[in-house]
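So the protein sequences, as listed, match chains V and A.
FYI, my numbering numbers position 140 of the first sequence as 140, with every residue one higher than the one before it.
Adding 1000 to a residue's 1-based position in the second sequence gives its number in my numbering.
The set of hints was computed from the structure by calculation and includes no laboratory data.
Remember, it's a predicted structure, so these values are computed and weren't measured experimentally.
A portion of the hints provided could be inaccurate.
[Claimed, not checked] Below, in silico cross-link-like pairs of lysine to any residue (SDA-like), each with a Cα-Cα straight-line distance of 20 Å or less: (1) Lys-1291/A x Leu-248/V; (2) Lys-1209/A x Leu-248/V; (3) Lys-1209/A x Gln-5/V; (4) Lys-1364/A x Ala-1261/A; (5) Lys-1209/A x Gly-252/V; (6) Lys-1189/A x Gln-5/V.
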Amino acid sequence: MLALQLLVNAVALGAAYALVALGFVLVLNATGAVNFAQGDMVMAGGYAAVVLAGSLPVPGLVLLPLVLLLTAAFGVVFSLIAYFPLRARPPAAVFISTIATGIILQNGANLLFGAEPRAAPALLGGGILRLGAFVLPRQSLAIIAVAAVLGLAQHWLLRRTQFGRALRATAQDREMARAVGVRVDRMIAASFALATTLAGAAGFLLANQFFVTPTSGSDLILKAYIAVTIGGWGSLAGAVLGAMLIALFEVGVSAVLSYEAAMAALYAVLLALLWLRPQGLIGEAARARA
Amino acid sequence: MAQSSRSLLAAAFAAALLCGAAAPAPAAELAIPILVPVTGFLSLEGQSQRNGALLAMADAPPGLAIRHPVADTGVSPAVAVNAFEKALGEKPVAVIAPMLGTEMLALLPLALENKVPLVTISGTAKITELGNPWIFRFFPGDNVVKLAQARYIAEVLGAKHPAIIAQSDAYGQSGQHYLEAAFADLGIKPVLSETVDVEVKDLLPVLSKARAAGADVLVPHLHAPATALLVKQASALGLGLPIVSGSAMATPSTAALLDPAELKGVCAESASAPILPTAPAGERFLAEYRKTFGGEPDTYALAQYDGAMMLLDAIAAGARTPAAIREALATRSYRGIAMTYRSDGAGNMAHSALILCYDGTSRKPRIARRYDDIVALK
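Could you build all of it, start to finish, from the sequences and the hints given here?
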């Protein structure tokens, strides 16, 4: 029974990490640059939910689309500040600018909201579902459901729509996409918007159970980076797989070993993977890594 | 949004004080720079430390002119050292020093070299174990409060199988070490003593281990978000175990993250309980803090307020040089709001601790037990 409970918790956490990692990959594919502010976008999504909940006394499910819209708009602004002015410069300029923007976000949140942890509202009401001895937090189920819906929606968008084809064309070869009439800059801005939307959703969902502080996004970027490395650089499915693996070690393996040993084991797996399969579990041939 | 406005007002207040301090000063003014970590992972506690110090400066005895520039030390010893060296330009008679232990360890040699008293609320035991005569700590260290926490668990709850769950950073390991020592002193061996990283999002694994180990009380020593998460998850699991937490659970901002029902059976050690004043001075402090900063004071704010007030009291009594102030702090006793402070010879000024408990009907705790004159664990 406990194993099942741990599994549900691990899948819920992995689903939230997957949203972060998917956004990370979207920007990586569209621009070739690593967005080190992706974790801070998660934090921004959490605070957006906290602020909206304070102003609008509506259920979390109604707040979610508002948070997604806000964070999507923020993604476009972010691209105009941190990416477009620097895209002709060496790649280091872009990733430094994303680090700088992330730090500005952290300090801005500290100034606006203070350092106290805050909790966002639950998506479907708080509390737990009891099935005999089995305890299921409602929010964990909500995280899994929302992540699944967003993941499938993204898959549909990228694979089944003209817009998605243009996005993928931009990701594969920007010059060729431009040559065939794709508005590449718009597609890049859209990739940033999609990435921050996913981060915003993760921020909203995580901020209920795990709270939000100005620095709570800092560790998530490392997890996203590792998830993408495990899954395969640039692979959306790989990002999800990598995120789930991290959560499995954090929740499942640490229930048997100590947390430190579980994390050491995770990084040992990562090292072994880098030796044996550098392209990642679902990666294609090795690409240039930012 | 109201909270945001209050935060902005508080920031504006601090900035105004800072700007005021930057103006050319009359010759008679004395300088007491305030070096505190108001950004980074310790910003919540650091802002409380800053607020406590600022409130004390505003309450300085009549006739004292104190210049008190504020500098952020972040969470980096290098930044703290730079801030201290810059503050030396003010010719300070004393410095309100950051509560982060690693920063204090970097500042101690500088204080010794420049002969400047440091007044801090850092809980790291080592800072007063180095024989430096210029350090004064106004917060009971882990070697004091963990003894109170363990005694309450053993003597009041009658628990014999505690499960210690600590953060894996320096803060957590210090608490874990002294909890183990305090339980050993009481003849109790914890059934579990495990650390978790600050980045851990789910505490179900360690809670399930505590249950499997046969724990009869949970003893977390975690930062605020992790403490709230542990209480929430333990409640959801229906563990039915009492929780006697580290000081994080005694702060109003942590209690605000939980439903009152989730707090039933939850206690916490604390140096003080500023939201539960027992005397007029405490009531004045609480009212003034709320009015100035728009929030609830925590134990760090009150400890730093008391520490700075003892410093100002020494100056008002005629100690106008760093050496005279050091002598006054080392030899005098001061009745603050939280407790009576006096040095144990090593600069440890605080020797009392409280146990606060929630009854499950509100987020306001009650004082369950007070421990005074605690002889620190070695």
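Hints versus structure:
The suggested pairing of Lys-1291/A with Leu-248/V is violated, with an alpha-carbon distance near 47 Å, which exceeds 20 Å. In summary, the hint linking Lys-1209/A to Leu-248/V is supported, as the alpha carbons are separated by about 17 Å, within the 20 Å threshold. Distance restraint check for Lys-1209/A and Gln-5/V: the Cα-Cα separation of roughly 14 Å lies within the 20 Å cut-off, and the hinted pair is therefore satisfied. A threshold of 20 Å between alpha carbons decides the hint, and for Lys-1364/A with Ala-1261/A the separation of about 12 Å falls inside it, so the pair holds.
Distance check on the hinted pair: Lys-1209/A and Gly-252/V sit about 12 Å apart at the alpha-carbon level, within 20 Å; holds. Pair hint Lys-1189/A plus Gln-5/V does not hold up; C-alpha atoms about 29 Å apart against a cutoff of 20 Å.
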